[in-house]
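Knowing the structure of chain A, use the given hints to seat chain B on it.
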Amino acid sequence: MALELDSITVRYGQMVAVSDVSLSVADGEVVALLGPSGCGKSTLLRTIAGLEKPSSGSVRWDSSDLAGVPVHRREFGLVFQDGQLFPHRSVAGNVAFGLRMRGVEREERDKRVLSLLELVGLDGYASRRVTQLSGGEQQRVALARALAPSPRLLLLDEPLSALDRALREQLAVDLARLLREAATTALVVTHDHDEAFTLADRVAIMLRGRIVQVGPPAEVWSSPVDVETAKFLGCNKFVPGSFVGVSAERVGLRATALRVDPSGSLEGTVLERVHRRDHVRLLVEIDGEEYEAVGPMTEIGDRVRLVIDLDGVARIG
Amino acid sequence: MAQARAGLSTRTGWSAAALLPLAFLGLFFAWPVLAIVSLGLREGGVVSALFSGETWELVGFTLGQALASTLVALVAGLPVAFVLARCRLRGLGVVRAAVMVPFVLPTVVVGLAFRTFWPDGGVLPIVLANAFFNVAVVARTVGGLWAHTDRRAEDAARALGASRPRAFLSVVLPALAPAIGSAAAVVFLFCATSFGVVLVLGGSRYRTLETEIYLRTVELFDLSGAAALSLLQFAAVLAVLVLGALARRRRETALSLRGREELARRPSGGEWYVVAGAGLVVMALLTPVVGLVTRSLSTRDGWSFAGYAALATRGDRGTLAVTGLDAALNSVRTAFDATLVALVVGVFSAVVLVGLRRSGGRIAEVLDTALMLPLGVSAVTLGFGYLVTMDALPGDFRTSPLLVPLAQALVVTPLIVRMVLPVLRAVDERLRQAAATLGASPFRVWREVDLPLVGRSLVAAAGFGYVVALGEFGATSFLARPDAPTLPVVIARLMSRPGELNSQMAYAACALLMVVTVGCVLLIERLRVPSSGEF
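Protein sequences, first through last, are from chains A and B. With my numbering, letter number 261 in the first sequence gets 345, and the count goes up by one each step, no holes. With my numbering, letter number 145 in the second sequence gets 1479, and the count goes up by one each step, no holes.
Keep in mind the hints are simulated off the structure, nothing from the lab. A virtual CB, placed ideally from N, CA and C, is assigned to each residue, including glycine. Fair warning: there could be bad hints in the mix.
Simulated restraints on C-beta separations [unchecked claim]: (1) B:1489 / A:246: 22 to 30 Å; (2) B:1508 / A:246: 55 to 63 Å; (3) A:208 / B:1621: 36 to 44 Å; (4) A:215 / B:1511: 29 to 37 Å; (5) B:1577 / A:356: 58 to 66 Å; (6) A:215 / B:1617: 31 to 39 Å; (7) B:1700 / A:218: 40 to 48 Å; (8) A:98 / B:1853: 53 to 61 Å; (9) A:191 / B:1577: 45 to 53 Å; (10) B:1511 / A:370: 54 to 62 Å; (11) A:246 / B:1691: 23 to 31 Å.
Just chain A, with the same shape it has in the complex (with noise of 0.2 Å):
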């Protein structure tokens, strides 16, 4: 294992941030640390990176405790929200920064800002004030910045949280494609399951300072640990698995477990209608109890005829 979080607790006065987290990573592995604003999940985060200091417990790279090691001797990278570029230097200035700190040559200095620019997408940009780019291009060159001096481990911390939609789901993608080219360890923070999906080998749901569930994120999508995690995850409304045909004490339904299908087994009431960007969100009554479901357009007050979604579907436990 390369990196080792053996049981740490953050404290600030008596506020526990992060309660007996331990947790590994193995080599080349990338994982998500997965959970709501304010979880702790950062701090985490900023304690491997040497930023706070861990109130118990140790963090080990390679075996060997990180305790008397200094942030800047740790040869971890770090990625902010905010990329928090140096505004005084220039694109290919923030890039070779790292580089520079260790002493590299400048000929080979200059070449890898180049290999990396072309990596994150951003070949000529290199003498390009950083205040000019967009938040895009922003985040990309924090990318490379964090990348250029081959750190042991990757720390990203929200990294694509600060652009919109479009342009995140785009990032998100290329991010994971370099992530797995380059075949870095790395270790994510965010709050947004489709980004600790696209990125992750492994999800790690932390809440309320705590990790409560580790594994692959198909399985944790599928059987969240219990009825907490997996309202995080999604899941509106929780029933008997004998409710949809599936051999558990408890299942959390998400909104796509029920569709709108006239071959449908259950039937229910339309109270309330949403269009969301590609399907429509219904609240359906089902003898005398509401769910959601997705479904063509249909009108409020309408009898429809629902089927099961199995994908939609959450074991507990």
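Coordinates of chain B only, in the frame set by chain A:
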């Protein structure tokens, strides 16, 4: 535990570093001041001096004129602050420079400028001159915050039905209160301890604590009386500084920075009245300056350059020990040394202050206040203190050519700290962390991130400090050796002697000082760091 220990060790490091500027202040400020005060205390009679009616009359006049001057400066400075912060108009750069000129003019020159309009002096010219001097402080301090205060709070109040004046009173003014309070404290401090202006315009009728300390020390040799007055002044100054520190603390938490560009717009409607008011203020500020230049060129026999020609001489019948030009050269050299010392001490102190704040050390407040103290202590007390203590330093420091620069540096350092500190503090902590994760050691973070970002404000502070040192009169008049006077000292000497050529030459020297000052200020304006919001 680990966190507590690490926090403690950085804090100990910064606290240890704070001892260096404190030691400098202790050696070159506290020791001389305490020495002269205790000399007075030993003579006895302090208590009787403290309780004499005359003393309290002096205190009353000092505080009264300072209060009046502060009010005038506030009233005149606020419209200017508005225009500089919120309006997009042509020629704002010129306005900014014009407002700055009075602040850096030597106090004697300001006094002289007002003498051209009120030849007999009096209370009104004292108040106006003090205010004239300090409009820049109000305009810049308040304008600085105003330029970065989100305009949308005001817009929201207007949308909720508040009239423009109402929105100003209920939303804008409270937001600006910390800056106004901080500016008022500094202005009050300057006015309460103003020396040159009161000396020139007050004559023997209107005296403040500051001029009275000078009078008693130099002319009456009444050290115990002077000590008593110094103690009073010190107590008052400390009280004002503590109030100012409290105002600043609120301001620092209230700072929500926005770029100026998106906030400035063309004035509309009633705002033009404010713009007009600001225009009047700027014209009023320029009037004494123009008057001075006019006086330097006019004689009883009409226009003449005699005063300027006389700068190459020692004045009428050898009034001076050196020529005017020698004094000017000496001024330039002395101010350079003073600026160098003040930069080293000031920047070091600012870095330590930021480090202390970040690691949560309480000594930050102490250092911050201590650094401001020299602004509020009588230059005469300081000067006399130097004379009685500096011989104890190796090589009899009293005759050292470093004496005057050191005294000037004490006056300049607080200004440099105040200019550099906000910019240094505005550097985003995460920017420094980004540099650290890229492999930069703490020192390299400072060199690669902090230093380049504050670079221009450093140069601006240096230029500003240089001009202030150039115009410093109080302590310099006391410490400068007769064979090496500075230009302000020469001006005062020329004015106190009879002979038209002497006063002509004094006015010409004033004009010369102003030209140098304006040149420096315009240079600084060109370098003007856009604003901390851009970082």
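At the C-beta level, are residue 1508 of chain B and residue 246 of chain A separated by a distance inside 55 to 63 Å?
Given a distance of about 31 Å, which is not inside 55 to 63 Å, the answer is violated.
Between residue 191 of chain A and residue 1577 of chain B, is the Cβ distance one that fits in 45 to 53 Å?
59 Å, violated
State, for the Cβ atoms of residue 1489 of chain B and residue 246 of chain A, whether the hinted interval 22 to 30 Å holds or is violated.
Given range 22 to 30 Å: holds, Cβ gap about 25 Å.
Starting from the range 58 to 66 Å, see whether the pair residue 1577 of chain B and residue 356 of chain A falls in it by beta-carbon distance.
59 Å, holds
Okay, residue 246 of chain A versus residue 1691 of chain B on CB: inside 23 to 31 Å?
Given range 23 to 31 Å: holds, Cβ gap about 27 Å.
Honestly, do residue 1511 of chain B and residue 370 of chain A meet the 54 to 62 Å range at C-beta?
Holds, at about 60 Å.
Do residue 208 of chain A and residue 1621 of chain B keep their Cβ atoms within the hinted range of 36 to 44 Å?
57 Å, violated
When you take the CB atoms of residue 215 of chain A and residue 1617 of chain B, is the distance between them in 31 to 39 Å?
Holds - the Cβ-Cβ distance for residue 215 of chain A and residue 1617 of chain B, about 38 Å, lies within 31 to 39 Å.
Given the range 40 to 48 Å, decide if the beta-carbon distance of residue 1700 of chain B to residue 218 of chain A lies inside it.
Roughly 46 Å apart at Cβ, these two residues keep to the hinted range, so it holds.
Take a look at whether the Cβ-Cβ distance between residue 98 of chain A and residue 1853 of chain B falls inside 53 to 61 Å.
At 58 Å between Cβs, range holds.
For residue 215 of chain A and residue 1511 of chain B, compare the CB-CB distance with the range 29 to 37 Å and indicate the outcome.
33 Å, holds
Violated hints for the displayed structure, listed by number in ascending order: 2, 3, 9.
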